[in-house]
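A.B. asks: Residue strings, one per chain:
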Amino acid sequence: MSLLGPTAQGGPEFIQLLTPEGQRVEHPDYAFDAGGRDEAEVVRGFYRDMVLTRRIDTESTALQRHGELGIWTQLLGQEAAQIGCGRALLPQDFVFPTYREHGVAYCRGLDPLRILSLFRGVDQGAWDPNEHNFGNYTIVIGAQTLHATGYAMGVQRDGLVGTGDPDRDTSVVAFFGDGASSQGDVNEAFIFAASYNAPVVFFCQNNQWAISEPIERQSRIPLYQRARGFGFPGVRVDGNDVLAVHAVTQAALQYTRDGNGPMLVEAYTYRMGAHTTTDDPTRYRMSEELEYWKLKDPISRVKVYLTRNGLADHAFFDSVELEADELGVRLREGCKSMPEQHPLAIFDQVYVDQTPELAEQRDTFAAYLASFEGAH
Amino acid sequence: MSLLGPTAQGGPEFIQLLTPEGQRVEHPDYAFDAGGRDEAEVVRGFYRDMVLTRRIDTESTALQRHGELGIWTQLLGQEAAQIGCGRALLPQDFVFPTYREHGVAYCRGLDPLRILSLFRGVDQGAWDPNEHNFGNYTIVIGAQTLHATGYAMGVQRDGLVGTGDPDRDTSVVAFFGDGASSQGDVNEAFIFAASYNAPVVFFCQNNQWAISEPIERQSRIPLYQRARGFGFPGVRVDGNDVLAVHAVTQAALQYTRDGNGPMLVEAYTYRMGAHTTTDDPTRYRMSEELEYWKLKDPISRVKVYLTRNGLADHAFFDSVELEADELGVRLREGCKSMPEQHPLAIFDQVYVDQTPELAEQRDTFAAYLASFEGAH
Amino acid sequence: MTKMTLAKALNAGLRKAMEDDPKVLLMGEDVGKLGGVFRITDGLQKDFGEDRVIDSPLAESGIIGTAVGMAMRGYRPVCEIQFDGFVYPAYDQIVSQVAKLHFRTHGAVKMPMVIRIPYGGGIGAVEHHSESPEAQFAHTPGLKVVTCSNPIDGYWMIQQAIASDDPIVFLEPKRQYHADKADIDETAVPVPLFSSRIARPGADLTLLAYGPTVKTCLKVAEAAAGEGRSVEVVDLRTLSPLDLEPVYDSVRRTGRAIVVHEAHTNLGMGSEIAARITERCFYSLQAPVLRVGGFDTPYPPSRLEEEYLPDLDRVLDAVDRSLEF
Amino acid sequence: MTKMTLAKALNAGLRKAMEDDPKVLLMGEDVGKLGGVFRITDGLQKDFGEDRVIDSPLAESGIIGTAVGMAMRGYRPVCEIQFDGFVYPAYDQIVSQVAKLHFRTHGAVKMPMVIRIPYGGGIGAVEHHSESPEAQFAHTPGLKVVTCSNPIDGYWMIQQAIASDDPIVFLEPKRQYHADKADIDETAVPVPLFSSRIARPGADLTLLAYGPTVKTCLKVAEAAAGEGRSVEVVDLRTLSPLDLEPVYDSVRRTGRAIVVHEAHTNLGMGSEIAARITERCFYSLQAPVLRVGGFDTPYPPSRLEEEYLPDLDRVLDAVDRSLEF
Ligand SMILES: Cc1ncc(C[n+]2csc(CCOP(=O)(O)OP(=O)(O)O)c2C)c(N)n1
Ligand SMILES: Cc1ncc(C[n+]2csc(CCOP(=O)(O)OP(=O)(O)O)c2C)c(N)n1
Ligand SMILES: [Mg+2]
Ligand SMILES: [Mg+2]
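Protein chains in written order, with this note's numbering: chain U, 1 to 376; chain D, 377 to 752; chain R, 753 to 1077; chain E, 1078 to 1402.
Don't read these hints as lab results, they were simulated from the structure. Here a beta-carbon is modelled for each residue, glycine too, at the ideal position from N, C-alpha and C. There's no promise every hint is true.
Said to hold, decoys possible - Some chain R residues close to chain U (C-beta under 10 angstroms, calculated; not the full set):
(1) I806
(2) S813
(3) G814
(4) I904
(5) V943
(6) L994
One chain only, chain U, in its complex shape:
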């Protein structure tokens, strides 16, 4: 793997607070902030979050293999990026995800079964975004970055930027991938956000791949530098370092909440799994690459750190494992017993005010369906 161009890591612009070997390091601009709580406790919490998130992922992958899900978008390897970011959010902040933010969803309190129902084909991810300030999964690449920007413009109009009140000032996070950075919509979102000084954190998980295409196809320079072209700051953080991601995201959120306009965070990470369960990465990438990244696993480094420093004991790790097992069971059972929608339901979800012609189509179809019931 080249260390030049868009894949360069290291140097002062690569923010890291916990090395792959589990060593705490300092960065001149960013420090981990436990928010007044006991730091070890917070880090243990992150560890738990990441393990549970990984379990959601592996469990879902297994459910797909067993035919219970149509497809699954794996986040394996991106746990630190998502938990670090998700745990830096304040309740009033709002998130616009792609289709892979299971860890962020978990942080926001969304029941993973709401996500499984999408990938099972029961619905399309029908949660109410206002329930957890977590928007709906968006499959068309990049579209949500504009939604985030518009939402942030709404936040501005609500007078919730730069008031100085930490319970009110609000930021909006737009998630997107390295591949998405090539979409017109994403670049337009940069332009609108810069033009209106909107409180958006553009959070790019650069997991090195857009399906089979490496990051070099999308950019010849590190992605965080894209922001330079639009006149707002961009930073690259070790996306497999939950402490660094937390610190950087927290700073970025505050920067935007304070009314300084948008900011880009590139979480430099790796998609350890396939693009989705229907993808076969052996067709386009070397297994050594995966081996290389396994050494940077986001969870192991926290475990090493906690263990080496005596901040967590066996009992703790066992309890997390147990919790993960319980979560696994809940997901398996919940998935298999998920109620189906009635086919007629789709007609009632198109409009707030149903149209006579669609109501008629519904009624005709209802009568048609009923004709079979009569027949049996």
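Assemble chains D, R and E with the ligands onto chain U, guided by the hints.
C.D. replies: What follows is chains D, R and E with the ligands alone, placed relative to chain U:
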């Protein structure tokens, strides 16, 4: 007018070789190159080009006022940007214009009447782009920047980049405006060109306005810096200085022909007229602004330079004026006597291989039209 | 009672909607200081401020995409697309997001957005300034599509569209903007938004029109009356949903129908309307439903647009063909 | 003679076209090393190199927009859009540039581009992966739109489309990719690209299908035959232009027609075809032309798609309704 942000001028990044006062100045990186010819002769040529271009523009504006054109896109004030660029092109280079590149079209040898026919509504600008290596006017903002990039990818595939042969190495110029820089397409063009290292010069005429919107709405930093976000060089040149534009464009063209990938040139200029003849700029901008820019007129500074240095005499200026008058007459007469298309022609221009159903529609309409002829 | 052009009526309707509901925002290219290239938003930024009348960067996908976010935040964005031919960069946001978010979320998300598009030809413009994109939007479930043909409808329909909780593509026949004036009674009770209207009663044949062709068809009816033929004209007003009950009634009486629009004939609104009328009025029809539309060529250069657009003569010709069938 | 699936046949057809003409380029997301998410371009980058099989940045407008430039430089780009629902970001380039450049230049510019789109539902996918956008493209003059329903057509039609000097939207029914195999005789003379084909003769009723619904309709005909009803099935193959002469002939014989497609019924191909058949065969029709299509809702979650898509029963039901009319 603010001297900060996107409207900043001056400093080492603002390339100028001829001041508004007609003073030649040096720039460390860019020198005017007369291509082996007598420099004064070349500059006189530029002067002539700019005067004729302005005449095309004012004459067309008048034709529109007299109802001979439906609309006209004025280039008043942008003569140096267009002539400086147009005269730096080699024959093999290819140009993708917007709807305002009348000066570049002139440099490429396109008869202005071909352009007038578009604004008269006789056709849509139907010239063969291969005749003068000058593409068709494009009205949908930004679309042509992708065409230019694809064309340049074709040039690469033809093996005409970086061969070292000055008669073969080819560049492609994509024109666009400051407003256009906000379109997804333009940013995607940057991405594709960078990704494939395509020989494109993105030539932005920042004329400060996109209809009624000032450049600040599109960008908070100088536009030439947009390129930084995509990993290729961008420069800002005094767009009202024909010598500087020529020098910078020549360098940019050579840079791209040599196989270094794309480059962005921002020609910092001013739209002295209305957006089009149907626009009324008094609704949105101060007349002082125009006065300020009149002092930077691209033609007067060359005239002052030529006169002060004894490089041109009255006879020269008179002859150019005379030539402009003749051009004016030719345009007026050519415009008014332009043949109309027959309505049936449109049916034959849709496809290379006409479809039976459209041929039938044509025949039916022909019979319908004929029925009137019979009636009269 | 004020006499107004369609342009002024739309302006007045927008103003009223903004006064009535502080959540209503306008957004688009040049809608602010300039008041839009057609001046439909004239004076609104001055009175409601830059936060509510928003000049946008030059990017249509950006306009609609950010409007989606504003709607999610509880605002009611009214987006102006400068000309019909420039809606396509926003097409993805419109058909994949605006149209689908309510469905995707089983109703949790509402998209009370209006997308205003000056549309149609006849103004002598250059390419991309005379398109009629209605069928593409009407084919998209989740959107509603309406169009006004006169100042009174303009005044009321824009307010009704803004008040609707569903996303609405609001098509404004640009060549009517300054064509005629009408008396607008701000105290009247408007007809419902999603209803067609019999613009002129008749007995022998039914002409179906909307937006810019309503006026043409009224002239046709007038001319036909001179020849002793009684032509009914329906102004459809709503294109999705269609309100065809009055049309079926009419066709059952007249036995003949012609749909007239500027959009390309192939797969235009006329094809759907013809298909539905035929399904519902099969035994009443004495001739196939005919369609008079723009030809199936790109919109031509303006010097040929009079030939391209359905005009009095072409519609009269179709009336003859239908009656003689 | 080789037995191939539609996927393999398309791959073989692309390979042949690339061998025949060095100007043919493939471009799209993941078309290179991966061979496309459906493997339609499998092995082609290996054999023809990265300059001819081009993995593009993730931007559909960029793909089509750069392909326009390549075509202007004399190349014949074949663009893959990964899934139907992702063509919309490229919609502007397709309808305003690809479709119009030939017209704009009075023929000086040719646009020999093929836009390949795997389309339609039935594969259990998530949102945006099962759309049927054909009507939107067929409504756009300047484009031609074709669709194959079987491996033999796939093999020949893709080559014919690439050889065409007009831009072609080439729709591939993705659920047929691996469904059936057929013998392909590479030495045969293929039927012309822009022609429909009687897939099964019959006397009582005409079923019109294309792409994914051809197979459904053949099954319907089979089932109907069991009930003593003789159903003719036409595979339309070309959607713009339509080749309806054989259909008119058929309907004049049978007196009844039904159009079956997955796209939304409202303003789908069925509406245009119904309108045309009614215009041409008015006195032969014994029932209105019926349409069986996707409902006028967004494409539903996959667990409901079987109900949403026109299937054997829904088409049979329409056959009954038509015959009983
Ligand atoms: C507009 C659009 N085009 C294509 C696709 C198909 N697609 C789904 S995911 C994907 C790759 C995305 O890569 P990236 O943005 O890096 O995100 P990641 O999947 O790596 O998280 C593609 C091409 C899509 N969903 N939307
Ligand atoms: C996609 C699109 N949207 C809107 C328009 C309408 N329009 C024509 S020119 C223009 C402003 C362009 O500004 P800029 O790019 O700075 O170029 P300039 O006109 O100043 O040369 C606009 C909004 C258009 N032609 N295309
Ligand atoms: Mg990625
Ligand atoms: Mg400008």
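A.B. asks: All hints are to be evaluated individually against the structure, with a verdict given for each.
C.D. replies: Hints and how they fare:
For I806 (chain R), the shortest C-beta to C-beta distance to chain U is roughly 8 angstroms, which falls under 10 angstroms, so the interface hint holds. Annotation: interface hint on S813 (chain R) holds; nearest CB of chain U at approximately 6 angstroms, less than 10 angstroms. For G814 (chain R), the interface hint holds, since its Cβ comes within 10 angstroms of a Cβ in chain U; the closest pair sits about 4 angstroms apart. Taking 10 angstroms as the C-beta contact cut-off toward chain U, the hint placing I904 (chain R) at the interface is violated, the least distance being around 23 angstroms.
Annotation: V943 (chain R) was flagged as interfacial toward chain U, and the flag is violated, the nearest CB pair being 16 angstroms apart, outside 10 angstroms. Residue-level restraint check for L994 (chain R) holds (minimum Cβ-Cβ distance to chain U is 6 angstroms; threshold 10 angstroms).
In terms of the numbered hints stated before, the structure departs from hints 4, 5, listed from lowest to highest.
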